[in-house]
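Residue numbers (the numbering used here), protein chains in the order written: chain A, 1268 to 1505; chain B, 1268 to 1505.
Rather than coming from a laboratory, the hints here were simulated on the basis of the structure. Quick caveat, the model's predicted, so the values are computed rather than measured. Don't take every hint at face value.
Copies of one chain are not kept apart here, so a pair can be met inside one copy or by any two copies together.
Claimed, not checked - DSS-like, lysine-lysine: derived pairs with alpha carbons at most 30 Å apart: (1) 1318 / 1488; (2) 1423 / 1273; (3) 1355 / 1438; (4) 1343 / 1464; (5) 1277 / 1501; (6) 1283 / 1488; (7) 1344 / 1411; (8) 1283 / 1503; (9) 1348 / 1386; (10) 1447 / 1304; (11) 1288 / 1411; (12) 1364 / 1469; (13) 1488 / 1273; (14) 1348 / 1362; (15) 1487 / 1288; (16) 1318 / 1348; (17) 1464 / 1310; (18) 1343 / 1503; (19) 1459 / 1386; (20) 1488 / 1461; (21) 1355 / 1503; (22) 1304 / 1318; (23) 1362 / 1310; (24) 1355 / 1283; (25) 1344 / 1304; (26) 1501 / 1459; (27) 1310 / 1288.
2 protein chains.
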Amino acid sequence: MLSVLKVYNKYFSEDKELVGKLLPIIGFVPRRLHLFKLAFYHKSMNSEGPKNYNNERLEFLGDAILSSIVAEYLFKKYPNKDEGFLTKMRSKIVKRKTLNDIADRMGLDLILSEYSMGKMSNSMLGNALEAMVGALYIELGYEKAKNYFISNVLMKYLDVHELEEIDDNHKSRLLEWCQKNNHQLNFDLKSKFKHNKRDRFKVAVVLNGEEISHAEDYNKKSAEQHAALLAINKLKID
Amino acid sequence: MLSVLKVYNKYFSEDKELVGKLLPIIGFVPRRLHLFKLAFYHKSMNSEGPKNYNNERLEFLGDAILSSIVAEYLFKKYPNKDEGFLTKMRSKIVKRKTLNDIADRMGLDLILSEYSMGKMSNSMLGNALEAMVGALYIELGYEKAKNYFISNVLMKYLDVHELEEIDDNHKSRLLEWCQKNNHQLNFDLKSKFKHNKRDRFKVAVVLNGEEISHAEDYNKKSAEQHAALLAINKLKID
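With the hints as extra help, turn the sequences into a complete structure.
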């Protein structure tokens, strides 16, 4: 459909350069160009602009839409899997690291660097991708935004079957790191008690004799995994 | 639109009674009656049926769709509020207690009790509502499911402006409970350390001299709130 607004945005708008960069990524000239521009504004970039002129609101919207799109995709792709599997798969797809990686491969870094004046961080990439999904939703509606995301992002940049295989095993990651760096690692059971009539376990990660994290759960393995993840974050293990 | 399937579902299906109960709630005869039936099947009800014949998968889908619908509703309703406000408001709306309450007022308990054989719990209500949103989405598509939910659920059963006023102040809730029950309450700062170059605070809730929960955050108030919430859950304060 011919649209004066699209022609204007492409050839005459002061943001026509942005259109040139967006075109190979989203495949069309957006009418609401201002939203797509906003999607790339991290709040750290905007010290003098109007309040809330950053991508956080769009990211809030896009994060929810993206989560729905992925939920439905998995719901249909795996008709015989239970809710636990679907939830796990979704969190592998929408987690920060995956989104940052996808955004990078989509080339969003090229647009982001334009506005970020050198202050770019990895998580800004994933945030911009979520905000762009928010903008796509407002521009195209749910069905079209969904189809775009599934064909041009999910199918293109993600190997869903590979994701099935990845086990988020924080304990073994931590163990590996400790072996590599000659640290002594222990998982100590600190206490076991009743909560809601169920056994609950408190486990601590002890590194070279010093407790560095702990977590509780209704099963010991989950408590260990959680405590290991906390330790990984604390130790900034990549 | 006349539909043979709808006529069949309403007058001849073995689940025509369900249709009679659904009609005043959703306002139409669903084509995919089996999905709406499934939405009311809690896993505890189905010991002999096929595996996964329960509402958990639909709940997974509906939870995501509902979250998107509410995100967009708030995004448009509050054009000048920041992401923090929107996130807070959404969690007030989609939290278990609110959904259970809405489902009850919608009359979903009448349908649920049919299938639950007396084993009904409050959280089964909210789950069934989420699963029903999943069924509505598959039946109607996003736009219509959204319009249904906003007009017939959100606007009818929720006072969004009242929600704005509710402050999830766990600390004062805990304090109140302690005063009422003559318990001595302290919030102890256990440690303050650097994490990601920022100050991080670890706070413990101490009840009558005994530590019952603790939490960490980048700001002391948030750590206290979080520790208070953990204590509230542990002490099963209503």
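Structure-based check of each hint:
With identical chains, the CA atoms of residue 1318 and residue 1488 are at most 30 Å apart between copies only, with a shortest distance of 25 Å across copies and 46 Å within one. Only within a single protomer do residue 1423 and residue 1273 lie at most 30 Å apart by alpha-carbon distance; the minimum there is 27 Å, versus 40 Å between protomers. For a Cα distance limit of 30 Å, the shortest separation of residue 1355 from residue 1438 inside one copy, 17 Å, qualifies, whereas the shortest one across copies, 32 Å, does not. For the homomeric pair residue 1343 and residue 1464, neither the shortest alpha-carbon distance inside one copy (36 Å) nor that between copies (44 Å) is at most 30 Å.
In this assembly of identical chains, residue 1277 and residue 1501 lie within 30 Å of each other by CA distance neither inside one copy nor across copies; the values are 47 Å within and 59 Å between. Proximity of residue 1283 and residue 1488 under a CA criterion of 30 Å is satisfied in neither setting, with 54 Å inside one chain copy and 46 Å between copies. Both within a single protomer and between protomers do residue 1344 and residue 1411 lie at most 30 Å apart by alpha-carbon distance, with minima of 19 Å and 23 Å respectively. Taking the shortest alpha-carbon separations for residue 1283 and residue 1503, neither the intra-copy value of 41 Å nor the inter-copy value of 58 Å comes in at or below 30 Å.
When the C-alpha separation of residue 1348 and residue 1386 is checked against a cutoff of 30 Å, the pair qualifies only between copies, where the shortest distance is 26 Å, while the shortest distance within a copy is 42 Å. For a Cα distance limit of 30 Å, the shortest separation of residue 1447 from residue 1304 qualifies neither inside one copy, at 45 Å, nor across copies, at 54 Å. Within a single copy, residue 1288 and residue 1411 get their C-alpha atoms as close as 21 Å, which meets the 30 Å cut-off; across copies the closest is 34 Å, which misses it. In the homo-oligomer, the alpha carbons of residue 1364 and residue 1469 lie at most 30 Å apart both inside one protomer (28 Å) and across protomers (27 Å), since each shortest distance falls under that limit.
Neither within a single protomer nor between protomers do residue 1488 and residue 1273 lie at most 30 Å apart by alpha-carbon distance, with minima of 55 Å and 49 Å respectively. Taking the shortest alpha-carbon separations for residue 1348 and residue 1362, both the intra-copy value of 21 Å and the inter-copy value of 25 Å come in at or below 30 Å. In the homo-oligomer, the alpha carbons of residue 1487 and residue 1288 never lie at most 30 Å apart, since the shortest distance is 50 Å inside one protomer and 44 Å across protomers. For the homomeric pair residue 1318 and residue 1348, the shortest alpha-carbon distance between copies (10 Å) is at most 30 Å, but the shortest distance inside one copy (45 Å) is not.
In the homo-oligomer, the alpha carbons of residue 1464 and residue 1310 lie at most 30 Å apart only across protomers (19 Å), although the nearest pairing inside one protomer, at 46 Å, exceeds that limit. Taking the closest pair of Cα atoms, residue 1343 and residue 1503 never come within 30 Å of each other, the shortest separation being 37 Å inside a single copy and 38 Å across copies. Proximity of residue 1459 to residue 1386 under the C-alpha cut-off of 30 Å is restricted to the inter-copy arrangement: shortest distance 28 Å between copies versus 47 Å within a copy. For the identical chains of this complex, residue 1488 and residue 1461 are neighbours both inside a copy (17 Å) and across copies (29 Å), given an alpha-carbon limit of 30 Å.
With identical chains, the CA atoms of residue 1355 and residue 1503 are at most 30 Å apart both within one copy (23 Å) and between copies (29 Å). Taking the shortest alpha-carbon separations for residue 1304 and residue 1318, only the intra-copy value of 16 Å comes in at or below 30 Å, while the best inter-copy value is 48 Å. In this assembly of identical chains, residue 1362 and residue 1310 lie within 30 Å of each other by CA distance both inside one copy and across copies; the values are 21 Å within and 28 Å between. Taking CA atoms no more than 30 Å apart as the test, residue 1355 paired with residue 1283 passes in neither setting, with 41 Å inside one copy and 36 Å between copies.
For the identical chains of this complex, residue 1344 and residue 1304 are inter-copy neighbours only, at 22 Å across copies versus 33 Å inside a copy, given an alpha-carbon limit of 30 Å. Proximity of residue 1501 and residue 1459 under a CA criterion of 30 Å is satisfied in both settings, with 24 Å inside one chain copy and 14 Å between copies. Within a single copy, residue 1310 and residue 1288 get their C-alpha atoms as close as 21 Å, which meets the 30 Å cut-off; across copies the closest is 50 Å, which misses it.
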